[in-house]
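Novice: Following the hints, put chains B and C in place on chain A, whose structure we already have.
Residue numbers (the numbering used here), protein chains in the order written: chain A, 1 to 275; chain B, 276 to 518; chain C, 519 to 769.
Simulated from the structure, these hints should not be mistaken for lab results. Relax, there's no trap hidden among the hints.
Distance condition first, Cα-Cα at most 25 Å in a straight line; then the derived SDA-like pairs of lysine to any residue: (1) 689/C <-> 714/C; (2) 15/A <-> 723/C; (3) 48/A <-> 452/B; (4) 16/A <-> 672/C.
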Amino acid sequence: MSVTPSNQNIVPFVKKENILAALDRGVRIDGRKLNEYRKLSITLGYAKKAEGSALVKLGDTTVLAGVKLEEEEPFPDTPNQGNLVVNVELLPLAYETFEPGPPDENAIELARVVDRSLRDSKAVDLSKLVIIPGKKIWTAWVDVYVLNYDGNILDACTLASVAALYNTKLPKIEVEGENVRIIREEKTDIIPINYPVVTVTAAKIGNHIIVDPNIDEESIADVKLSISYTRDGRIVGMQKNFSGSLALQDVDMMENISRSAAQYLFEELKKYLNL
Amino acid sequence: MMQVQKPRLILENGLRTDGRRPDEMRPIKIELGVLKNADGSAIFEMGNTKVLAAVYGPKEMHPRHLALPDRASLRVRYHMTPFSTDERKNPAPSRREIELSKVIREALESTVLTELFPRTVIDVFMEVLQADAGTRLVSLMAASMALADAGIPLRDLIAGVAVGKADGIIVLDLNEPEDMWGEADMPVAMLPSLGQVALLQLNGDMTPEEFRKGLELAQKGINIIYNLQKDALRKKYAEYKEE
Amino acid sequence: MVENSGSKIFYQDRSIVTPGDLIAEGEFQVPWSPYFYKIGNKYYSAITGLLSVKEGNIFEVIPLEGQRYYPRIGDTVIGLIEDIEIYGWVVDIKSFYSAYLPASSLLGRAIAPGEDLRRFLNIGDYILAKVEAYDRTINPVLTVKGKGLGRISSGVIVEISPAKVPRVIGKNKSMLEVLTSETGCDIQVAQNGRILVKCANSLSEETAISAINIIQSESHIKGLTERIRAYLREKLGGSKNDASAEAKTNT
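The following block holds chain A by itself, in its conformation from the complex:
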């Protein structure tokens, strides 16, 4: 059951006016252009016990993704594929009104959207996660923990998941006929992801379309549209959010704006990952 959320972040009236006035002038109150991302930084290998991990800061939105590999039996209908599971938690550390407890509808939606981007783009190569075909495979658990919420968690979660997967090296396997020995302490150079995917979130405030909304912009936006892309411009995921609606020409405009913004994110990723 889903219930209309109560007002978690009251945006003061004068602040809302300032945001709108700035947008009319073509800027945001933090000085960004309408299609500009906040400062992005990625720290790979931040969580040392994870098989791969990445700490992502998008402005003040801070997200930590960790990958754990577990040996399991494959699903009967996909004997030659490993598994990917994405889990997102909105920690109570991240915002005053986030309550502890199992993932709520927001956390679950985030996880499923990130999962679809990775899966439908085929960026995550499930065939690389096979140990013994039909018998043993890896499940790649991607746990994304939101540590500080300042708007646009989705884009940060996708970046963190992709970076963490790039940081994950599969352990060495020695196969002798039927027997397989997994040597966790030794890593191969094989990573479970073939190419990067990014998600770009655009929000509509009044007549303006902005990219990478911060917490106040998100709180006053009527509607958000998130689109996932591969580097060659293929669209591999979409999700509209919030209770407002979009005219068809808005959708067209947002897709154009997001596709260019995606290129910026790929350029940034190149600084950190071996692409």
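Specialist: Showing chains B and C alone in chain A's frame:
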């Protein structure tokens, strides 16, 4: 993957498996104010154990009927991230996490001046980012530093360390093999300036003499940690002069 | 250290003290404060703060950290309306408790039955108010009766730690004077860590806001007032009245 036989914990030369002497602690690192939204936050590391703590409050407690009329309530959550351990930990709260949340809450309640804030709640959240033995104490210390970072009045900072028995030797600041295979594991936390014990548990088998020796060794470690904690708080204000 | 017939203060003036530090022992006539506590005749610090020791045996612990405001009767605060009730508004003043503004304080009369308070103040409005009443058993009560108090209709609100408010004002208002004279902005500093900034143009506004943020992060370093003055001059030119000075935008 599990060793069936207990490995040697104290080696020929009297050193432990990670090269430490029995009375030596792992390196400690403290960072304050690491999260923007929280009123106070800290990252506390001891060796490879790393915990992030955040504090919100004191703020009005809702529902009102749960609030205490004469002091603040504490809501404390100890939680391990799934990627903090060698095998993935299921994110749902385990019985261990529930017990440790209670033990840590009670330790914090011995130091927070809750009577200053009737009808409020102080939220304390700890996430273990890397687990390598001693997580409950590192979490408690991270929480104590986060409370200080938030400016919430405390009787004292809390410093703690686990002592134990490994191959018959009393050791300070257990590492993972000693935690798993040792004969005793005794976490101790204190309010050092006041000489008060805020947390004390024992898991294992010790004689009364060994217990006292362990407690004495713990105090030595605690005093060292306490000074590091004070330095971390003061560091920000190395030179403060008003005009 | 100050000694006086068995009473001893263990730290010098302007020392940094942390929770649990034994500040003093003996008999002292010091007003109650949440920042230190007493066991018998021993005084311990409860927070990270600056110890101020004045002649005789007067000491005070001045907080250096803290995101929430300790309400005091008579303080000027900037509040944010967060809820509307029948006879007044619930106001967020960045404290441990929400505050209450009775409708009669704004209207100057009792409200009429069925009167919609949203006509006067709505959720999301900022108000400049004073703390009229507060004790351990009640939430703070505000009043807007007074010159300049009431709804804030324009400007930018900057949030700072309430512990830093004295620094933004400065000794004898010295820092506040530098801020207002160099930027030409109207700046009102409320005790609860909210600052109302109203400027003629966006450059002055951005510069005033970054100056306030610098004060926040460097509050403990010597010579801050002069550095802020220099920073503002560099960004805005010497005199706010000089039109050509606005054209100078240095990096």
